[in-house]
Each structure stands twice: as structure tokens, then as C-alpha cells.
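Sequences are here, hints too, so could you generate the full structure?
These protein sequences, in sequence, are chains V and F. Residue 641 in my numbering sits at position 551 of the first sequence; the count goes up by one each step and never skips. Residue 68 in my numbering sits at position 62 of the second sequence; the count goes up by one each step and never skips.
FYI, nobody ran anything at the bench for these hints, they're computed from the structure. Here a beta-carbon is modelled for each residue, glycine too, at the ideal position from N, C-alpha and C. Among the hints, erroneous ones may be present.
Partner residues are not named here, just some residues of chain F that face chain V (Cβ under 7 Å, in silico) [stated by the list, open to error]:
1) Gln15
2) Leu29
3) Pro30
4) Ala40
5) Met88
6) Ile91
7) His95
8) Pro123
9) Ile127
10) Phe153
11) Arg174
12) Trp176
13) Lys180
14) Phe184
Each computed BS3-like pair below joins lysine-lysine, with the alpha-carbon atoms no more than 25 Å apart [stated by the list, open to error]:
15) Lys186(F) - Lys126(F)
16) Lys159(F) - Lys134(V)
17) Lys159(F) - Lys144(V)
18) Lys446(V) - Lys393(V)
19) Lys144(V) - Lys126(F)
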Amino acid sequence: MDASVERVEEIFCAALEVKVPEERKAFLERACAGDSKLRAAVEKMLLSQTGVEKLFGGGSPARGLGRAMADEAGFREGVDSILSGEEEIGKRIGRYKLLQRIGEGGCGSVYMAEQEIPVRRRVALKVIKLGMDTKSVIARFEAERQALALMDHPNIARVLDAGATEAGRPYFVMELVRGVKITAYCDENHLPARQRLELFIQICSAIQHAHQKGVIHRDIKPSNILVTMHDGVPVPKVIDFGIAKATGGQLLTDKTLFTAYEQFIGTPAYMSPEQAEMSGLDVDTRSDIYSLGVLLYELLTGKTPFDQEELLQSGMVEMRRTLCEREPHRPSTKLDGLRAEELTQTALHRGSEPRKLKSLLTGELDWVVMKALEKDRSRRYQTANGLGTEIQRYLNNEPVVAGPPSRLYRFQKLVRRNKTVFAAVVAVSITLIAGLATSSWLFVREREARREQARLREEAEARAEIAQAAVLLARGKSQEADRLVDKIQIPVTEPSLEAAGVFRNLGDWNVTQGRWRQAADYFLKMVQANQVDKSDMTDGATRDLLWVGPTLIAVGDMDTYRRFVQGTIARFAGTTNPVAAEQLMKASLIVPADPATVNSLEPLAKVAEQSIAGGNPASSKDIYMFAWRAFALSLFEYRRGYVTNAVTWGQRSLGYSDRRPTCVAMSHLILAMAFWQAHQPDTARSELAQGRELVEPRFPNGLERIADLGNDASGYWNDWVMARILLAEATTLIEHRG
Amino acid sequence: MSEVTLILQAIGRGESCASEQLLPLVYDELRRLAAAQMARESAGHTLQPTALVHEAWLRLAGDGDVPWKDRAYFFSAAAQAMRRILIEHARRKSRLKYGGGQERLNIEEVDLANATPDEKILMVDAALEQLEAEQPERARIVALKYFGGMTNKEVAETLGIGERTVHRHWVCAKTWLFHKIHAQM
Numbered sequence: 091m092d093a094s095v096e097r098v099e100e101i102f103c104a105a106l107e108v109k110v111p112e113e114r115k116a117f118l119e120r121a122c123a124g125d126s127k128l129r130a131a132v133e134k135m136l137l138s139q140t141g142v143e144k145l146f147g148g149g150s151p152a153r154g155l156g157r158a159m160a161d162e163a164g165f166r167e168g169v170d171s172i173l174s175g176e177e178e179i180g181k182r183i184g185r186y187k188l189l190q191r192i193g194e195g196g197c198g199s200v201y202m203a204e205q206e207i208p209v210r211r212r213v214a215l216k217v218i219k220l221g222m223d224t225k226s227v228i229a230r231f232e233a234e235r236q237a238l239a240l241m242d243h244p245n246i247a248r249v250l251d252a253g254a255t256e257a258g259r260p261y262f263v264m265e266l267v268r269g270v271k272i273t274a275y276c277d278e279n280h281l282p283a284r285q286r287l288e289l290f291i292q293i294c295s296a297i298q299h300a301h302q303k304g305v306i307h308r309d310i311k312p313s314n315i316l317v318t319m320h321d322g323v324p325v326p327k328v329i330d331f332g333i334a335k336a337t338g339g340q341l342l343t344d345k346t347l348f349t350a351y352e353q354f355i356g357t358p359a360y361m362s363p364e365q366a367e368m369s370g371l372d373v374d375t376r377s378d379i380y381s382l383g384v385l386l387y388e389l390l391t392g393k394t395p396f397d398q399e400e401l402l403q404s405g406m407v408e409m410r411r412t413l414c415e416r417e418p419h420r421p422s423t424k425l426d427g428l429r430a431e432e433l434t435q436t437a438l439h440r441g442s443e444p445r446k447l448k449s450l451l452t453g454e455l456d457w458v459v460m461k462a463l464e465k466d467r468s469r470r471y472q473t474a475n476g477l478g479t480e481i482q483r484y485l486n487n488e489p490v491v492a493g494p495p496s497r498l499y500r501f502q503k504l505v506r507r508n509k510t511v512f513a514a515v516v517a518v519s520i521t522l523i524a525g526l527a528t529s530s531w532l533f534v535r536e537r538e539a540r541r542e543q544a545r546l547r548e549e550a551e552a553r554a555e556i557a558q559a560a561v562l563l564a565r566g567k568s569q570e571a572d573r574l575v576d577k578i579q580i581p582v583t584e585p586s587l588e589a590a591g592v593f594r595n596l597g598d599w600n601v602t603q604g605r606w607r608q609a610a611d612y613f614l615k616m617v618q619a620n621q622v623d624k625s626d627m628t629d630g631a632t633r634d635l636l637w638v639g640p641t642l643i644a645v646g647d648m649d650t651y652r653r654f655v656q657g658t659i660a661r662f663a664g665t666t667n668p669v670a671a672e673q674l675m676k677a678s679l680i681v682p683a684d685p686a687t688v689n690s691l692e693p694l695a696k697v698a699e700q701s702i703a704g705g706n707p708a709s710s711k712d713i714y715m716f717a718w719r720a721f722a723l724s725l726f727e728y729r730r731g732y733v734t735n736a737v738t739w740g741q742r743s744l745g746y747s748d749r750r751p752t753c754v755a756m757s758h759l760i761l762a763m764a765f766w767q768a769h770q771p772d773t774a775r776s777e778l779a780q781g782r783e784l785v786e787p788r789f790p791n792g793l794e795r796i797a798d799l800g801n802d803a804s805g806y807w808n809d810w811v812m813a814r815i816l817l818a819e820a821t822t823l824i825e826h827r828g
Numbered sequence: 007m008s009e010v011t012l013i014l015q016a017i018g019r020g021e022s023c024a025s026e027q028l029l030p031l032v033y034d035e036l037r038r039l040a041a042a043q044m045a046r047e048s049a050g051h052t053l054q055p056t057a058l059v060h061e062a063w064l065r066l067a068g069d070g071d072v073p074w075k076d077r078a079y080f081f082s083a084a085a086q087a088m089r090r091i092l093i094e095h096a097r098r099k100s101r102l103k104y105g106g107g108q109e110r111l112n113i114e115e116v117d118l119a120n121a122t123p124d125e126k127i128l129m130v131d132a133a134l135e136q137l138e139a140e141q142p143e144r145a146r147i148v149a150l151k152y153f154g155g156m157t158n159k160e161v162a163e164t165l166g167i168g169e170r171t172v173h174r175h176w177v178c179a180k181t182w183l184f185h186k187i188h189a190q191m
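This is the structure:
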């Protein structure tokens, strides 16, 4: 569309909105801004609107669709055939001769027919009402027929054949079952609950058989279960098997829901929630189990969980909602809802009286039925046999698996059952509270808001002060910085590298002052502040440990220390960085640890080991790190109790050409302990002496004050502290015990 | 996945024969649903076209995850099917008025002011064919609204465009069609 036409249309559309003629004129003048051609084009469009109105004013002709369709050739026929669905008696369909009509369902009529070839017998022939997709239905049924032919169960009426009539309607040939539907049979014969249950178990067995063959019935309901007599014994037979599946659900079966097409909906009362939902969720065998539950319900109480009529009349949306969300009454409770005569009648049909019947159903039978009727299919019985066996257990007076639901579950169901009520109560409460206390509510809210603001402000201030402290530290004014940060009460919640740096510096400074408690606090804060990247599993993160660990030990706060170690191990257990591994091992095992902790470090030990095995210390940097790793492994092995390994690794550590003095010292000390445990006291003492020689000069004032924080070459103070800890342990072991 | 969904995907990929397959499917389904509904309703033919189409959609494509673009093809096909039915019907009716043997309505013979609804449908249909050649996008909207009976909102949802855009196209198209028809008389 070229620009000018677009412009015309734009103005035209806008002008249409202006209803008052003078205003419209004014608008046009402004919009067209002197362009007379433009104006003419728009006005032409505007003028035609009366004509347009005449042409299109009648509304969409689509409303006449019904009339249009009605007049169409062949359409009437389709309607009529749907309405009547009658086949001629005496007519031949395939090799079957129709004898009489014996039933009528939503999806078709059932006839008794006679078969002559290859064998003479009477069969049931069901013709399906359908629209246009007959071919695909037949094709699908062919596929199903294989499975159906495999079914061989005394309680299943076999499907023998299938085909299509001349008119193109599919039909199914089934074993002729002469009987009445199960609910009718039970009621007519006043069958007590026990016998009904026995029949039910047989049905479960039949359904189980079918499921094992991969066939889902999908249409279980009383009219599909007929009871025939064999030698005076009632035998239930499930009919219409697999037909629904074969037609792929395209068939307007009794259970298929369709807006307003009520005549095609036979028994929604038996439909499982997932079938009602018709969502993408596939319907599996457990849908049949739900239907079995409904059947059981009806056999026991004479009613279905939800009233059929009510469902039909409520419309599709309501129907779906009821089936999917509303909780039905328990069978025993359902009886309470019946009118007196109805209740007496129901009890009579079960060879009992109202009170007895109710007490019979209360408890186990209730639970069994409700379990089969769970909306959530994973909570139902997962197999038909499961349900059948359960009933059998009940009959044998054995305990059943189903039980009353937990309180929480019941509460959930209660809410579900009374959703509207709950919602209403809540709504009312809100209104009440809101109405009564609007002013106070507002006040409270405001107070909350103010508090929140104050909190945020304080946090911001704290951050600013930390920044200031950083500046002070940079200028060497450690004491002032310390005083400043000490005042800050609010923990800085946001991790920040800057804050971490400040905290570490202050921690260090406090160490030099001998204020170990404060130092420990700062280091812990540092760790927190350093968690900028929680997924960071590199050695940068584990290095923090090496400050915190020794400090806590020096203070004597072993609880925090151990907790800290656990947390860090949990966090870094998966690291593949050998430096991180070594630091973690060192920090965690500098004091004796419990076996669980030691074991949890095993993967890290492996990492360290592999790096040594695979690595070729090229630069001097590498060499001293390898020395540390070897030490860490020695420490690990010692803590595990593998003394020989500890010795090997310790010696290896000393064997490297470039080592830090702290590393050397600690290696000697760990060797001292290892040799001692290996019953080599002289060597042990020698190692101890060497270690002591290196460590003691560092602590002229004991652990009171660290004068010198140390550096890379001479070793950092925390390493020396760790060495001192080891020294203490070794001394105790060798000199105070020996 | 349903047959219709596959066809819709094929159309989306640009396979030309796919659209030929879609129309008969939709057409059949609409007829079937209409027949079923009318079998129910004893009196009057109060079919709700959009409800019918939506039902056909649910039946044929299920509730699967079909992108808007592909859904649009379906609804366009439905509108097309309905158009055919309506046109057929209108032709039949007007043939009755003008005597047998006439295949196409001669527009010159029609007096716009006194045109019957059926004649109007035929005129709009003829003009729409021309619009399809020139502005297919706009013609699609017209088809959905005029033959499909959809509201602006429904059209907007189906085509994935804004409601105001629909309104604009509809209003301008009506005028265009009117002019086209008028010019030929």
C-alpha cells in the first residue's frame, strides 16, 4: 500500500470516530492541512458510508449458516440418519442377517444377528452412527482387532468381527450376551453386598486382562456389563470392549463430551476426570479404574458419585469442573442424602436395612471406593487387580491397603469441596478487617513502610562507612578504620568484594593487636562478603578458609570452626582445582577431625594426587605448590590413620627443591607424628626438633600477638599459626605422652 | 498428533497441496457438527457459527500446542468453507429468482438499493475475489469477519494482530468493496 493511500485511510478511520459533524469538519481541516486531493479522497470515503452501511448493515451472513446448510443436498440425509440410525430388519450386513434390534445407545444401535458362515450362531451386531470419517475408523479398528482377538477371558464378551455397511457405517460383531445389566440384575435379585462384591472382583479380573493386552475400555458403565446365567451361576460379562479406543475417541461415544450435543452424551457420570478434561493428557488404564470405582459406588449405594442428570443439565463447563474438582461424598455419607423411601428401597435391594447398610459401608469399603475415585490418578489403585485384590481382602476380613486420608489431605479436600465457601469466608473476612480497620491498617502499613525505608537507609549508610574504612586503611589508619566499622551494627547483606577486602584488612590488623575474637568475626564477615559468586569453586574462595580456620582455632571457638569446615566442604566437594583442594584439606584437618569429615575430603585428595601424578613442575611456582599438595596429602593420610602413606607423602613434600618455610615446618611436624605412630620414636623426635626450630622463633610472645603478618617469601601469619597448632599437637603426642 | 495439526504444519512450511487437504476436512467436520446440532434442535436453525468453528477446531486439532500462525490457517479454512456454503446457498436462491440456467449473478441486473441479502452476499463475494488479488491480508480479515462471523477481538486473536488494526482494515475494506461493487453497476 503506498503512503498516500495509507494516509487517506488513517485520516478516514480517525474521522469516523468523530461523530459530531462540525467537529469532524474541523478535524478534517486540521488533518488534511490544505491538501485538497487528500481531503477529497477522505471525504469520498466518508460519503460512501451510508451505502456501506446498507451493504454490510445486516450483520455477518454467517448467521444464516444454519439455513444455508439445511437446504444443502445430502445434508438432510445426514441429519436424518443421525436421528434415526435405523437399519432394516431382515437385511444382510456382510455375512450377518439382522434379526431384531435389541438395544439403542448414544452411538448406535445393537441388533441380534445370525451368522451362517463359517459357523451358524447368533451374534450381537452394533452399527455405529458416524459422519464422514468412516474409512479411518475402520482402518483403526482393524489395527485394534488384533489386540481384541487376543483377549480371552471368561468375563469379556469377545469382539468377533468388524466391517462397514453399504451406507458406509461401521459395525462390530460381538459375542451375543443374553443378560441384563449388572445394576439391574443385582437390584432385582436383592443381591447383598458380599455377592455384589464377588461379581465386581470378576469384572476387575476381566479389565486387568484387557489392560495387559494393551486395551483400555474407556466406557465402563453398567450397561456395558451384562450378567448372564451359566448353570445357575451369574457371570458378569464386559461388552463393547475396545470400541472406543479403536475409533480413537473421534467417535461420538456415550462418553464423549460435546458442547450442547447432549443426545450423544450417555453417561458422563462414569467419566474419569482426565477424560472430562480432554486436555493433552493421555488417558491410560487408570481411567478405567476410576470408572470401576464409580461402578462399585453404584453397586453399593444405588447412586453414582455425581448425579447423571445434574451433570447433563449443568452444561459442559460445569460438568468438567464437577468431575475434575468437586469431591464426591463417601458411599456411607451418600446414603444420608437419600430420602427415606429411597434409602429403604436401596437397602432392600441389597437384602438389608438402612442402618445396617450404612454401617457396612462405613470404614473400609468407603476408603476403597474413594481411593479408586481419586482425581489424581497416581493416587488410585494402579491396576484393576489391585482393586480386585483389595475387595477380596475385605471379603476375607483382612486389612485393606486403603485408609482414611491424612489430615492435611483431608483438609485439602475440604477446601476443594467447599471452594466457594472458603473463598467467600476469606473474602468476607478481608472486607470486615478492611472495613473496620482501614485507618489502623493504613497506619500499620505506613509504619512498616517507614521501617523498611529506615532499614534500607541504614544499610546504605553502612556500605558508605565501609567504603570510608577502606580509604582509611589505604592511608594506614587501621585503628580509625577499626573503630568506624566496629560501630556498624547492620550486617551488610549484599556481598561485595570491596567489603570483603576491608574486612580482611581489619581482621589482619586485629590479629596484630592480639584481638583474636574480633579478628575471627571480621574474617567470618569477609567470607560472607566474598560470596559474590556462589558458584565459584576456585582457590580464590577457599583461600578465605585459611584466614578463618586458624583464627577460630586460636580463639578456641571449635564449634564455629567445625561448623564452618562442614559448610565449606559441602560447598566445595566437587571442585577439580588442586589448589582449592589442597587449601581445603589443610584448613579442615589442621586439628584432628572426625572420620566422616575426613572421608568427605577423599575426592579432594584424589584431585590433589592426580595433579601431582600428572603434573611436571616446570616453574618454581609450581614446585612449591606441589610441595604444599604433598603436605596436604600427608596430613590427610595421617588423619585417616594410614601412617605409611603419611610418611611417604611427607618425605615427598620435603623432597621438592622449592618450598616455603611454613610448608617445610609443617611437613616436619606431620612426619614427626607419623613416625611416632609408626613406632619409630627417634626419627619422630628428630623431625619434631626440626619443626620446632622453624616455628618457635615466630612466636616470641606466644600466641598473644603476631608482630609480623608475614609475606610470600617468609610465609603468612596464618600459615605459621597453623604450624604452631600442629606443633602443639605433635609435642603433646611425643613428649607428654611418650 | 492429529491429522489436521499435521496439515497445518505442512501449510506453515509452504507445502501447497496441504491447503487443498485442509478445506475438505474442515468442511466435513463443520457439516457433521452442524448436522448433529440441528438434529438436536427441533425448531429453528440457530447455529452459532463461531462456536461451531471452535468446536470443529477442538475436535480436529485437539488441544495440542499449535502456534497461532498455524491456527490461523485453520480458521481461515473454516471461514472459507462457510463462505462456500453460503455462496452456494445464495446462488441457488437467486437462481430461483432470475430463472434457471444462470451460473453467475449479473451485477448489472441488481439494484443495489433493493438487493436481497443473498444478492448482497454474491456481490461482496465477487468483489472480495478482487480484493484477494490486490490485498490478501485485508481480504483474509474480511473473510473471517463477513463469512466467519467473528468479532474484531476473535479475528485479532486468530491472526495475532491488534484489534485496532483489524478494525481499521475492516472499515477500509468495506468501503473499498462498496466502491468496487458500485463501479461495476
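Against the structure, the hints:
At its closest, the beta carbon of Gln15(F) sits 16 Å from a beta carbon of chain V; the interface hint therefore is violated under the 7 Å criterion. Restraint check, Leu29(F) versus chain V: the minimum CB separation of about 13 Å is more than 7 Å; hint violated. With 7 Å as the threshold, the beta carbon of Pro30(F) stays out of range of chain V, its nearest partner Cβ sitting at about 9 Å, so the hint is violated. The closest approach between the C-beta of Ala40(F) and any C-beta of chain V is roughly 5 Å, which is under the 7 Å cut-off, so the hint is satisfied.
A least Cβ separation of about 6 Å between Met88(F) and chain V falls short of the 7 Å threshold, and the interface hint therefore holds. This hint holds: Ile91(F) has a C-beta 5 Å from the nearest C-beta of chain V, less than the 7 Å allowed. Proximity of His95(F) to chain V holds as hinted, the smallest CB-CB distance being about 4 Å (cut-off 7 Å). Interface hint at Pro123(F): satisfied, since its Cβ lies 6 Å from the closest Cβ of chain V, which is below the 7 Å cut-off.
Hint status for Ile127(F): holds, given a least beta-carbon distance of 5 Å to chain V, under 7 Å. Below 7 Å, beta-carbon pairs count as interface contacts, and Phe153(F) has one with chain V at about 6 Å; its hint therefore holds. Evaluation of the Arg174(F) hint against chain V yields a held restraint, the C-beta minimum of about 5 Å falling below 7 Å. At about 9 Å, the closest approach between the beta carbon of Trp176(F) and any beta carbon in chain V exceeds 7 Å, and the interface hint on this residue is violated.
Interface restraint check for Lys180(F): the shortest CB-CB distance to chain V comes to about 5 Å, inside 7 Å, so the restraint holds. A cut of 7 Å between beta carbons decides the hint on Phe184(F): the least distance to chain V is about 5 Å, and the hint holds. The straight-line distance between the Cα atoms of Lys186(F) and Lys126(F) is roughly 13 Å, inside the 25 Å bound, and the hint therefore holds. As the CA atoms of Lys159(F) and Lys134(V) are separated by approximately 28 Å, the hinted pair breaks the 25 Å bound.
Distance check on the hinted pair: Lys159(F) and Lys144(V) sit about 24 Å apart at the alpha-carbon level, within 25 Å; holds. Our distance criterion of 25 Å between C-alpha atoms is met by Lys446(V) and Lys393(V), whose separation comes to about 18 Å. Distance hint between Lys144(V) and Lys126(F) is fulfilled; the C-alpha atoms sit about 10 Å from each other, no more than 25 Å.
In this structure, the hints that do not hold are numbers 1, 2, 3, 12, 16, in rising order.
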